[in-house]
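Novice: Listed below are the residues making up each chain.
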Amino acid sequence: MSAPAKPIAETLGLRGGWRGKWLPWALIAPMVLFALALTVLPLCYSLLTSFQEYRLGQPPAFVGLQNYQHLLHDLNFRGSLGTTLIFTIAATGAEFVLGLALALLLKEEFRFQGIIRSSLIVPMVIAPVVVGIIWRLLYNADVGLFSFAVQALTGKSLSVLSSTTLALPALILVDIWEWTPFMFLLLLAGIQSLPQEPFEAARVDGAGAWNIFLHLTLPMLQPVIVVALLIRALDAFTVFDQVFVLTQGGPGTATEVATLMIYKSAFRFSQFGYGASMAIALLVLVMFFSAAVTRAFKGKA
Amino acid sequence: MPRLSSAVRRRLWFLTRLSLIVVALIVTLLPVYWMVNTSFKNQVEVFTSPPTFWPQNPTMDNYVSLFVRRHLGSYLLNSLIIVGSAVVLSLAIGSLAAYSLARFVKGQLRESLNFWVLAPRMIPPVALVVPLFLILQHLGLINKQLGLILVYTAFNLPFVAWMMRSFFLEIPMDLEEAAMVDGATRLRSFRDIVLPLAAPGLVATSIFALIITFNEFFFALILTSTPAAATLPVGTAALIGKTQTLYGEMAAAGVVAAVPLVIFALLVQRHLVRGLTMGAVK
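Chains B and G, in that order, are what the protein sequence lines are.
Take 8 as the starting number for the first sequence in the working numbering and just add one per residue.
Take 21 as the starting number for the second sequence in the working numbering and just add one per residue.
Hints in this document: simulated from the structure, not taken from any laboratory.
Every value quoted in this text rests on a predicted model; they were computed, and no experiment measured them.
Where a beta carbon is used, it is the ideal one built from N, C-alpha and C, also for glycine.
Mixed in with the good hints, there may be bad ones.
Said to hold, decoys possible - Quick look at which bits of chain G chain B covers, simulated, 3 or more residues with Cβ under 8 Å:
#1 38-52
#2 69-77
#3 90-98
#4 149-162
#5 265-276
#6 280-289
As the list claims (entries may be wrong) - Pairs of lysine-lysine, DSSO-like flavour, derived with a Cα cap of 30 Å:
#7 G:Lys126 <-> G:Lys262
#8 G:Lys262 <-> B:Lys28
#9 B:Lys271 <-> G:Lys262
From just these sequences and the hints, can you work out the full model?
Specialist: See the structure below:
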């Protein structure tokens, strides 16, 4: 890996000549072009729009920091950030605990392990929109299995998704169902790639299962755990599809997560400028969070 | 409490483990089964209480109606065209870039490039979607297959390049050098030596790209709207509004949208872990 660049370039026939000099760049160019046109340009455009009053059918007008000032006092936006945060922490946390438990449960070889592992990851390959449909069918007060079970147990008819207090937990449950398999898959792969010697040594010394888990498995697994939590947290923080299909943010604003709120303000109320400023704020939060996590675990991971 | 013999303890642990696994399987699969079950029921049976665990008069009406009246065939075709094109494009472009990054970039630059390749993946989609909508509208690419193909290609590129780079790095340089010492051109050594060795990487990467793109909803919802270009998730979500209480049809649409990928995932099971974890775990 650390071999000096020159001999390799020479062996590969890169010495001299315009072809040799330009080839590495020519290979990267198409990707850079795509990134510039469809990521960097839109991002700059977003930033520009966030300083404008921009509604459909009207020419955009520059308004400086007005959108951002509005943002700071917008209780709906603050509320949606709070909802998103609760959703992210609860879902990611539960998925981690359940995924780890499943991984520990299934880490040893056993009969039918292939088919069982494949079955367990079915939810994560199903489109989030379809996951929404599945849970609409379960939660529905008239036809839902979930509601039927609740009614049989408590005698009360329950429409979970139209309850201000239960709608958010219901959405969190859906996310847990869909993404625990992801945690399971990542952590299982992590556990299986750990070296065996420390565990054997600990067992010879007579350490109990719980101690081995706490003082060996968890610390050695830390890099995988950090990556898994980060990926899931970032995705949960920008959740949209299942919420769109199941509640559209309702009842009221009980489940209005940030991405949904921005979508509504831009594409339902065509306030492109204000929507862009909220999107930029979200981007800054996400970058700040990722940078903080990466920095905290750098060197250890 | 009397001390249990180790054989009994092992037995107990085995039974606990078994029952926990069974519970996990039921919780995972029952919701999916319920959708399949509902999709074969007629409108009367859907509303029967208590619900039936097996369709009493199984019917294909829901599926027929979807394809005859709800354009599901068009949505499916759009999905196949858009996803196929975007995956092939991003794999071709991303692999070239990845090869260059793996072979020609060294030292300090390599570390920082590592970050910049993957950074776009961290951007919340919602931060890009407003300007993308305005740009594509300007170009006349709203509700066009091409518009979504371009957006998905750009969206896939960061992790395709990132994953393929890690696969290329695993291929020893000596092999290529040996071939070239023997007189092969760089192009030939790439085609005959690097590509075959990178094949598992290409498979894992396309699996990931395919699942992500096929299931993508947010961009598709905003950039396409009619059966002319809308993908399966968008068409399925649109059905929910239109069918109101036709839960059988809704379930059938869900089955159509889910089945291709579930079967695909089972087929490629062996490559799935590395694919789904973006190459982070072997």
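Novice: All the hints need checking, so say for each whether the structure fits it.
Specialist: Results for each hint:
1. Counting residues of the region 38-52 of chain G whose C-beta sits closer than 8 Å to any C-beta of chain B gives 10, which meets the bar of three, so the coverage hint holds.
2. Counting residues of the region 69-77 of chain G whose C-beta sits closer than 8 Å to any C-beta of chain B gives 3, which meets the bar of three, so the coverage hint holds.
3. Under the rule that three or more residues need a Cβ within less than 8 Å of chain B, the assignment of the region 90-98 of chain G is violated, with 0 such residues.
4. With a threshold of 8 Å between beta carbons, the proposed coverage of the region 149-162 of chain G by chain B holds, since 7 of its residues qualify and at least three are required.
5. Check on the region 265-276 of chain G: 6 of its residues sit with their Cβ under 8 Å from a Cβ of chain B, so the three-residue criterion for coverage holds.
6. Given a C-beta distance limit of less than 8 Å, the hint that chain B covers the region 280-289 of chain G holds, as 6 residues qualify and 3 suffice.
7. Our distance criterion of 30 Å between C-alpha atoms is broken by Lys126 of chain G and Lys262 of chain G, whose separation comes to about 56 Å.
8. Simply put, Lys262 of chain G and Lys28 of chain B have alpha-carbon atoms about 58 Å apart, too far for the 30 Å limit, and the pair is violated.
9. Using a Cα cut-off of 30 Å, the hinted pair Lys271 of chain B and Lys262 of chain G holds, with the two alpha carbons roughly 20 Å apart.
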